[in-house]
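Number of protein chains: 2
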Amino acid sequence: MANIKVAKNAGFCFGVKIAVDSAIEAGEKYGRAYTNGPIIHNKQVVQILENLNVRELQSYEQLQEGDTILIRSHGVPPKIERTLKDLGVNLIDATCPFVKKVHEKVRQLVEEGYFVVIIGEKGHPEVIGILGHLEESGGKGIVVENMEDLIRKFPKRNRVGVVAQTTQNEEFFEEAVGYIASNVEELKVFNTICDATSVRQEEVKRLAKDVDVMIIIGGKHSGNTRRLAQISKALNPNTYHIEKADELNPVWFKNAENIGVSAGASTPDWIIKEVVEKIKEITA
Amino acid sequence: MANIKVAKNAGFCFGVKIAVDSAIEAGEKYGRAYTNGPIIHNKQVVQILENLNVRELQSYEQLQEGDTILIRSHGVPPKIERTLKDLGVNLIDATCPFVKKVHEKVRQLVEEGYFVVIIGEKGHPEVIGILGHLEESGGKGIVVENMEDLIRKFPKRNRVGVVAQTTQNEEFFEEAVGYIASNVEELKVFNTICDATSVRQEEVKRLAKDVDVMIIIGGKHSGNTRRLAQISKALNPNTYHIEKADELNPVWFKNAENIGVSAGASTPDWIIKEVVEKIKEITA
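So the sequences go chain by chain: C and X.
Just add 6 to wherever you are in the first sequence, counting from 1, and you've got the working numbering.
Just add 6 to wherever you are in the second sequence, counting from 1, and you've got the working numbering.
Accuracy of the hints is not assured; some may be wrong.
Looking from chain X toward chain C, a few residues come up when the C-beta cut is under 7 Å (computed) [to be verified]:
| id | residue |
| --- | --- |
| 1 | G184 |
| 2 | S188 |
| 3 | E192 |
| 4 | L193 |
| 5 | A240 |
Straight-line Cα separation of at most 25 Å, SDA-like style, residue types lysine to any residue; simulated pairs [what the hints assert, rightly or not]:
| id | chain 1 | residue 1 | chain 2 | residue 2 |
| --- | --- | --- | --- | --- |
| 6 | X | K107 | C | F121 |
| 7 | C | K162 | X | F104 |
| 8 | X | K226 | C | Q236 |
| 9 | C | K162 | X | E110 |
Since the hints were made in silico from the structure, they are not lab data.
Since we're looking at a predicted model, the values are computed, not measured.
For glycine and all other residues, C-beta sits at the position ideal for the given N, C-alpha and C.
Produce the complete structure using the sequences and hints provided.
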């Protein structure tokens, strides 16, 4: 049987745990609740929540006074928060504390007169929330996703401030900050990448080099999982990104002695366990 | 034959020009003057200055009241400036304005409570001057010369400020700033590297937009060359990074009318010439 090494820091992060727990609690307490978008990029967990009558909100018209709505860990732009408050609903704010810190830091940079560069994925809910705080505080800025994007968009500015989506790739963050530093006179950076992310990424780097096959578990739409897979693939071409155990292909493990497993921030433990059991079966 | 545009190169910098002019003026005006250390490493210029009786100061004992001494472009620690003033000499301060700005920025970082990282060569006169201003303002900090040095010395600090020796390598500056950013919570950087490198990058940006094919010459492991190639590629996909003329592929130049050429900081002139000749041959 192959040797399976599961990354210690795989799976749910602090912020996701809080959001999932809050959603379960809301379902149990109020008998019905909404979340603004899927609470995590994990179909299985979403199913559990649906059983508790906790569902993704489809439109504001759906909401009735007194309904409970939970803001997921990604956070929202301030105007959405206000809209919800104005509707008289019971608002549960499960925005990750690390994301809230990014909001504060963006506002601080704007106050101090910096043009803001947000290192993050365009269109990602967390980034939309951060942008909302940038706009609301009257600031100007851009979102950049990769080096070419940064080089193409980077405006002539003397004073630039930087924050990052909490789950950003550290290598891109470092490269981007370095590039910006050499193209401005003054740069202020708040390193808002959360520890869970960097620890998980560092572990995947070590693991990927050490094994024959790497399995990364997590939603195909989960940005942080895709990044883990990216990092792993750069160091080990035999990297496979899956959502569930039944996607495992026995061919991948032919002659594999050491197999590494890690998972994105929104992958619950029991899915990781299922995958490990299935790999054991395949390589038995 | 295609039209080949080679990026221009800059000559003597602004600060050295000021210092040399001031020294000549001092010699002509006062009939004798000293400089604190060699003003420039160029035999012809040193000879001209000696003919004007402008020489390097060997020791303070040499100085008599009323003598003229010129502080060269590198600047000095504040206590040296005070010592000279106390000696009652005629002080000409030819410190480069860009170096003076580093002194100011170090003091600002100390005032704002940052631990200071000076990116520069230990023992270089400019760095000794900068360190003098750091110490005089009661700040704490380190000088780092390369990445190993930085990684070895970097202390656990939450808030770090960075300045650079004006002639520092941009590539090391970028890498260092990136590394520091990912190891602190808050970083403030004053990019005090003087324009030469950024001028080269700006030129590549203009050139890349104007031509059909861009050739960037320089070591494949040279960060500053790779950066030039990256910048060029973002604006012109027909960018090729080569080390030597024999890597040129005739296919690249099919139908190309305008060809741009630039090179990294460490590429000797004769290699650039060889490449240009080879392109002429290919496109003849």
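Broken hints, numbered, in rising order?
No numbers; nothing is violated.
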